[in-house]
Amino acid sequence: MISFLLKGLLRDRSRSLFPLLTVFLGVLLTVVLHSWLNGSVASLILSTAHFNTGHVRVLTRAYAREANQVPNDLALLGIDTLIAELRHDYPDLLWTPRIKFGGLLDVPDEKGETRAQIPVSGLGIDLFSGATPEPRILDLRDAIVRGRPPLRRGEMVIGEEGAQKLHLEPGDTATLISSTMNGSMSITNFVIVGTVRFGIVAMDRGTVIADLADVQQALDMENGAGEILGFSRDDLYHEERTDIIAAGFNACHRIPGADTLSRGSSFSPVMGTLRTESGLSDYLEYVGLFSGIIIGIFVLAMSVVLWNAGLTGSLRRYGEIGIRLAVGEDRRHIYLALLVESLMIGLAGSLLGTALGLAVAWYGQVKGLDLGAIMKGATLMMPTLIRAQITPFTCVIGFIPGMLATFLGTAISGIGIFRRQTAQLFKELE
Amino acid sequence: MIRPLVLLLGIPIASMMQGPSGDEILMRVDRNMFTDRKISESRMIIHGQRDTRTVGSKSWQRGTSESYTEFLAPARDKGTKMLKLKDMLWEYSPSTDRTIMISGHMLRQSVMGSDLSYEDMMEDPHLPDIYSATIASGEVIDGRECWVLDLKAKKEDIAYDHRRAWVDKERYLVLRENLYARSGKLLKTADVREVMHVHDHWLAKIVVYRDVLKEGDGTEFHIDNVTMDADIPDYLFSKAALRR
Chain C
1 MISFLLKGLL
11 RDRSRSLFPL
21 LTVFLGVLLT
31 VVLHSWLNGS
41 VASLILSTAH
51 FNTGHVRVLT
61 RAYAREANQV
71 PNDLALLGID
81 TLIAELRHDY
91 PDLLWTPRIK
101 FGGLLDVPDE
111 KGETRAQIPV
121 SGLGIDLFSG
131 ATPEPRILDL
141 RDAIVRGRPP
151 LRRGEMVIGE
161 EGAQKLHLEP
171 GDTATLISST
181 MNGSMSITNF
191 VIVGTVRFGI
201 VAMDRGTVIA
211 DLADVQQALD
221 MENGAGEILG
231 FSRDDLYHEE
241 RTDIIAAGFN
251 ACHRIPGADT
261 LSRGSSFSPV
271 MGTLRTESGL
281 SDYLEYVGLF
291 SGIIIGIFVL
301 AMSVVLWNAG
311 LTGSLRRYGE
321 IGIRLAVGED
331 RRHIYLALLV
341 ESLMIGLAGS
351 LLGTALGLAV
361 AWYGQVKGLD
371 LGAIMKGATL
381 MMPTLIRAQI
391 TPFTCVIGFI
401 PGMLATFLGT
411 AISGIGIFRR
421 QTAQLFKELE
Chain D
1 MIRPLVLLLG
11 IPIASMMQGP
21 SGDEILMRVD
31 RNMFTDRKIS
41 ESRMIIHGQR
51 DTRTVGSKSW
61 QRGTSESYTE
71 FLAPARDKGT
81 KMLKLKDMLW
91 EYSPSTDRTI
101 MISGHMLRQS
111 VMGSDLSYED
121 MMEDPHLPDI
131 YSATIASGEV
141 IDGRECWVLD
151 LKAKKEDIAY
161 DHRRAWVDKE
171 RYLVLRENLY
181 ARSGKLLKTA
191 DVREVMHVHD
201 HWLAKIVVYR
211 DVLKEGDGTE
221 FHIDNVTMDA
231 DIPDYLFSKA
241 ALRR
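The listed protein sequences correspond, in order, to chains C and D. Using our numbering, the letters of the first sequence correspond one by one to residues 1 to 430. Using our numbering, the letters of the second sequence correspond one by one to residues 1 to 244.
Just chain D, with the same shape it has in the complex (with noise of 0.2 Å):
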């Protein structure tokens, strides 16, 4: 009679001792990433085959599934804007005063010359909504406990079929991450080089993306100011602020 008892009660606890699943954690880092309203301005360092060069943006963001990106530098790309509406994606070019909507083999082609895609912006921020998550192992990267995850994508339509990422133990931030074709090939990396505590929230403040099919030595993207659940006026979400 004890003995059963004993099983019973045994199961949860050392569940528990187990600690969290892959996809707890993923909601985890989900929870800590994500705000519903955020003002960012950021700056890429791109260091191409030949130069560097810095690109600098303002970007509001709402939802998973809006948000809107002026580019203030460099003088040739300043005022171009970008506007992601659900999975629709709008170029406008002041030179031209042209808006063109980014689809197809374009979405594959890189932003400002950085080592990441329109493709990669389109993605659905929502990790737990697209990827199924198993704990592989466990590392330690700049003295900072990590799990490391492997992702699994649950569509076919997906940029990544999978991932490996390095999850903070304690702060349920990505510090780095693994990006893979279906085919198992490795097509880009994320190096998380400085983090910021912003609202209660650890954020990536500086990440070194390195896309493996170019030359170069990668995108560091700095994250210079960012505001969370900032207000954000309607009109910045529809194409017609785009000629503004």
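The following block holds chain C by itself, in its conformation from the complex (with noise of 0.2 Å):
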């Protein structure tokens, strides 16, 4: 029955060609758009896991509550043993002290005087020690434009804008006006090694990169950080399994009363996972939803178009299928032929759209889509060139609206050969 029908959708082409382009456009649509959103949704959480949050997230709990501020007066303090002791009970994470910090980069004249100055925002990372992840999770090599890295203590790199406005060349020293733990004023000279971009507008405004050590004595904070980020070792964020390591570590450092601000409880560690951390709970919740709502949309559209298709066809054919009815064919085996017939084109059309939608998706993937020029006042952790992502759904993803909406738009129009009087088919024919 298959082949029969099959022939026929081949040899009549008026009966298949506009519904196979409608799925097909349909189905390269859907692909396309989800592997977009996709690569959008893993981009936001790549540099927030890389440069924000990582995929969780010790910190104490007085700077948990504040953490936007970056409150270093509450900054974790022995980080040593902890580190030990998470490096102990969790190796299937990477661990790594980072202390951010704000403040001023003063650039002298050659009296000493104020010759340029901007905000900052600053990064302490672990850069020198042997077991260090942080310069493969930044990037570091790979995102310096002039100069190079930092590769021995009381060196920095900045962002590239930074440095242009600040006219600042690999080589030059500036001075970081910061505040201490203890809130006093603090004054630090470095040497300016080398200029970053990240590709993320917030990072390379202004942002400078030292390592710990340095952060570290400039701040005050010997043996501290302002927080201690864990990474799956795959660079991926697995939330069931980061949930259950955070609440297996809050459960063990859980101390009674820590809910209200005690002192002493307030400077317990706490650990958070990338969705509670970065405020993308919410976000990702409404992306998943909008990614949905695409998808019914299609299929809603298609559907009504389909079904369209399928009452013109129907029309069309409404000779055919009375001859059928007439030489005694079962209305069913007739609506069921038809809805074969729709399978078959959805099928065809889906593989279609499927196969030049991960064309398109794939060129997405490799070269990206620059947003730089609409996103100079982001202040997103976001990557100002999106790229598609490809993953085993965006290869099936497109055959749900393509075979519903055909499917559908058959069985709706389909309904009129159940409507049909035998006894007026001769009339009908003659």
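The set of hints was computed from the structure by calculation and includes no laboratory data. One or more of the hints may lead you astray.
Per the computed footprint, the stretches of chain D lying under chain C, defined by three or more beta-carbons under 8 Å from a beta-carbon of chain C, are [to be verified]: (1) 40-49; (2) 89-101; (3) 182-192.
With a straight-line cut-off of 25 Å between C-alpha atoms, the simulated DSS-like cross-links for lysine-lysine are [what the hints assert, rightly or not]: (4) D:Lys81 - D:Lys239; (5) D:Lys78 - C:Lys111; (6) C:Lys111 - D:Lys239; (7) C:Lys100 - D:Lys239; (8) C:Lys111 - D:Lys81.
Cβ coordinates follow ideal geometry from the N, Cα and C atoms, glycine included.
The two chains are supplied separately, each in an independent frame; assemble them into the complex guided by the hints.
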């Protein structure tokens, strides 16, 4: 029966071409949109993890309450012990301490007076210890625009845009004016050895990166860090696993009455996950919902179009169906044949649409789309180059609207078969 | 005839019986506290959220607009110097050999992590110049009879729009002070714990400052040694002195 129907579809193109094109275009758009959504969410998660929260993050309870203000006076102290404990208890994750800080970068003239000054947001990361994953996580070497990454103490890199504003060249000395964890003013000289561009507007504008030990010394944070980040070894965010790790850690470090603001409990460590720490929770749920809505709209729109096509087809095939009924073919059999035909068209359209959609998505994955021009004032940890991302689900997502829409379209339009009266068939066919 | 005369004489007598006005009290407070040249050694004991630190310093002060301070302890801050000339403030860091001008939002930053800000240090010490005072009530603090004065800023660009000061009626020394923002929010408090009598001046020896917007138990400011009307060389009040 299937080969018979297939022959019919191939030989009578007016029966298959329009529905096929409709399905093909719908599936193509679904696959491309899904891969771009995937890509932008993945980019956001990756950059948020790398530059902000890690896959999990340990900080003090007091710091966690005001984390967006980077309150280094509430930072973790005695981090050597805590990191050793984390590495022992959770060896699946890579653990690394960081200090975020704000301040002014002041460039002196030949007399030592201020020549130029800009506000900067800084990152103190472990650059030199043997086990540090930071150079790989931040991909510092690839981010270098001019000069080189810090290789020894007292060196610093700065965002390319910030360097241009200050007219800084690699090798120049600049003074970081910040605040120690005790609240005193901190004035520290650094040699700017390179400029970086991460492709994230918020970072490239005024970020400085130096070794953790230098920042600890500058901010009077001996053996301290604002946060300790944990990264999965495969660099992917495994939500369930990180939730379990965070729950386990927090249960072990729970202090009775820690939910109140007592001073003793304020400095006990607490672990959060990327989803909770980054504020991305709502955003990710919104994206998931949005993705479902897009597919739903496609299914609905294509169903309406195909329903319409089915009705037109039924009118055109009015005579054919009438003869088939007249010679005694069962209504259900005809209806079933139409449904099988529609599924075959859906399958063909979905295959073609998915193939071309994947090709377009692959191009987007390799080349990406540069949104730098429209993200000039952005403060999100969002890369300016958005790439599509093909996942196993991208390969099958087009089949949902492709098959469903043709099936629904035909199922609705084919109902007319059951309304035809056998007694009037010959009169209709005269 | 007699009645108007009594009334005419009665007005000044009544006003004398009422005591001094708020502004007069403020003038007398200023006269008690202010000297033209002063050298002092002090300690700030800063009770933070996690620990207590002591910062030692020596200050040279000439008039109301010139002062030079060198920090003596702890080791990390030793050699850090601050120079105030009129409305300009510089800080010298010996480890970087840089002199940084403190201006704009940096003035709101804490001095050495204490409850005092650079803005507090820049304030004109002559309170009658910047505030008008009214007497709100009278209270007894630590057994001392005090006037409670409400001070209202005469200009708009003053760090604290209004203050409430408890002034010792006998010594003309402010024993307690609350400092408020224009919105009425309490920003800082100052409590005198110990006083000293130096060259006919009553001065606070230990004051506890508290920034109420900050966690911690405040900053004890101890004046260990003070020399009034001291000889101070001119060169100290120049930027060049910072790098000496």
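Do the hints match the structure? See the list:
1. Counting residues of the stretch 40-49 of chain D whose beta carbon lies closer than 8 Å to any beta carbon of chain C gives 3, which meets the minimum of three for the stated coverage.
2. Look at the stretch 89-101 of chain D against chain C: 9 of its residues bring a Cβ nearer than 8 Å to a Cβ of that chain, three or more, so the hint holds.
3. Counting residues of the stretch 182-192 of chain D whose CB falls under 8 Å from any CB of chain C gives 0; the rule of at least 3 is not met.
4. As the CA atoms of Lys81 (chain D) and Lys239 (chain D) are separated by approximately 10 Å, the hinted pair is consistent with the 25 Å bound.
5. For a cut-off of 25 Å, the pair hint linking Lys78 (chain D) to Lys111 (chain C) stands: about 24 Å separates their Cα positions.
6. This hinted pair checks out: Lys111 (chain C) and Lys239 (chain D) have alpha carbons roughly 12 Å apart, not beyond 25 Å.
7. Distance check on the hinted pair: Lys100 (chain C) and Lys239 (chain D) sit about 33 Å apart at the alpha-carbon level, beyond 25 Å; violated.
8. Taking the CA atoms of Lys111 (chain C) and Lys81 (chain D), the gap is near 18 Å; set against the 25 Å cutoff, the hint holds.
Of the numbered hints given earlier, the model fails hints 3 and 7; all others are met.
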